[in-house]
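Visitor: Chain residues, written in single-letter form:
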Amino acid sequence: MFCIIFIIGEDKVMGISFVRTIILYIFVVAAVRFMGKRQIGELQPSELVVAILISELAAIPMQETGIPLVSGAIPILTLIACEIILSSITLASMRMRRLITGKPSVLISNGVIDQQEMRRLRFTLDDLMEELRISGYMSVDEVAFAVLETNGKLSVFPTCQNKPVTAGMMNLNCPDGGLPFMIICDGMLSLKSLAESGRDMTWLQNQLSTQCLEPQNVFFMTVDSLGKAIIIPKEKQNSQ
Amino acid sequence: MRKLYAAIATLIIIPAVITLSSIYLNRVTNSMISILDKAEQSERSSDVDSAKSELQDFMNIWNSHRHMLATFIRHSEIDIANQSAAKLPELAVSDDRSQFYAECEVLKMQLNHIEDSEKFSIDNIL
Chain A
2 MFCIIFIIGE DKVMGISFVR TIILYIFVVA AVRFMGKRQI GELQPSELVV
52 AILISELAAI PMQETGIPLV SGAIPILTLI ACEIILSSIT LASMRMRRLI
102 TGKPSVLISN GVIDQQEMRR LRFTLDDLME ELRISGYMSV DEVAFAVLET
152 NGKLSVFPTC QNKPVTAGMM NLNCPDGGLP FMIICDGMLS LKSLAESGRD
202 MTWLQNQLST QCLEPQNVFF MTVDSLGKAI IIPKEKQNSQ
Chain B
3 MRKLYAAIAT LIIIPAVITL SSIYLNRVTN SMISILDKAE QSERSSDVDS
53 AKSELQDFMN IWNSHRHMLA TFIRHSEIDI ANQSAAKLPE LAVSDDRSQF
103 YAECEVLKMQ LNHIEDSEKF SIDNIL
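Here the protein sequences come in this chain order: A and B.
Quick note: the first sequence uses the numbering used here, first residue 2, plus one each step.
Quick note: the second sequence uses the numbering used here, first residue 3, plus one each step.
For the record, the hints were derived by calculation from the structure and aren't laboratory data.
One or more hints might be untrue.
[What the hints assert, rightly or not] Residues on chain B that point at chain A, a partial pick, calculated with CB under 8 Å:
1. 5
2. 6
3. 10
4. 13
5. 18
6. 22
7. 82
8. 84
[What the hints assert, rightly or not] Residues from chain B that keep clear of chain A, each with C-beta distances beyond 12 Å, as calculated:
9. 8
10. 77
11. 85
The structure presented is a predicted model; accordingly, all values stated were derived computationally and were not measured.
All residues carry an ideal CB built from backbone N, CA and C; glycine is no exception.
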């Protein structure tokens, strides 16, 4: 494939861009992976800045073949190193954490909207109502507290009357099955998960034989610590 | 914690690599400029054979280092120096010496510019 691209292209710019794009793609994916899971999910202000800058820095040497690849890689590496060091510092120091990521802001306290805080954060009433609706509350009087987190998400806590009923409130004793183990995924048997669940092949065969199934015919099978197994057979494909 | 150590190591290695590349660039450009000076002096003293030999030395150094230079210098900067370097051997044997001197100056200025543009200075940072 590489040869074809180089032979077809009279000037080699397209081929160079192609190879550079692959190199930078692998480099940026590895770099973001190195930053860790926290950065991939909820972005803090400094992480957002790094994410935007990395995308820009990677794009320039991708398009401009006259710029050395190293001049794109060095700033990306530097940014990631700085971000990791900064996140380590914020982890160790509360003061630095407040300085870099800020602190959560209470927008609704005991059912009362803090208008001054909303003005300070430039958070409109429409934004607030939208976030409340997303959280499943139609009116402000259903909410006891609303906290704007440092990652920009609004955490909503309902008033006592609007809290969903839990098993604890009803004094119900419900056994906890724990995290289910994925025994079979798309016909692939995981012996490691089977061992971790404390079951063996005999148990598995007994479970599958009740539905006349073989592991390769199972789309999805899980078992929890209480021994409750969920088996979903594979759908038969229509031959056309 | 390993990631933190890796990040600190990266922030140490990157300036070290930049410093080494800067030293390398300084050494290479200075040696090329001094050869060009010698070739220019030989030409001024009408010693065309010495000038040709020195230009050959220059071309050898230039050809052996330009690929390495292209890994950390903008390719357009290398191209300008490349064009001037290609003209010099022919200009050295032509009757119009002023063009040879002019091209030598252009090449020396370009090599100086390449070196200056990579220097860790306030001018370049700002």
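Visitor: Give a verdict on every hint.
Guide: These are the hints, each one checked on the structure:
Annotation: residue 5 (chain B) was flagged as interfacial toward chain A, and the flag holds, the nearest CB pair being 5 Å apart, inside 8 Å. The beta carbon of residue 6 (chain B) is positioned within 8 Å of a beta carbon in chain A (closest approach about 5 Å), and the interface hint is therefore held. Among the interface hints, the one on residue 10 (chain B) holds; its C-beta lies about 7 Å from the nearest C-beta in chain A, closer than the 8 Å criterion. Here the hint on residue 13 (chain B) is kept, as its CB sits about 5 Å from the closest CB of chain A, short of 8 Å.
A distance limit of 8 Å between C-beta atoms decides the matter here; for residue 18 (chain B) the minimum to chain A is near 12 Å, and the interface restraint is violated. Annotation: residue 22 (chain B) was flagged as interfacial toward chain A, and the flag is violated, the nearest CB pair being 13 Å apart, outside 8 Å. Here the hint on residue 82 (chain B) is broken, as its CB sits about 12 Å from the closest CB of chain A, past 8 Å. Hint status for residue 84 (chain B): violated, given a least beta-carbon distance of 13 Å to chain A, over 8 Å.
With a closest Cβ-Cβ approach of about 8 Å to chain A, residue 8 (chain B) is found to fall inside the 12 Å limit, against its non-interface label. Its beta-carbon lying about 4 Å from the closest one in chain A, residue 77 (chain B) breaks the requirement of being farther than 12 Å from that chain. Listed as outside the interface, residue 85 (chain B) is consistent with that label: its C-beta sits roughly 15 Å from the nearest C-beta of chain A, beyond the 12 Å cut-off.
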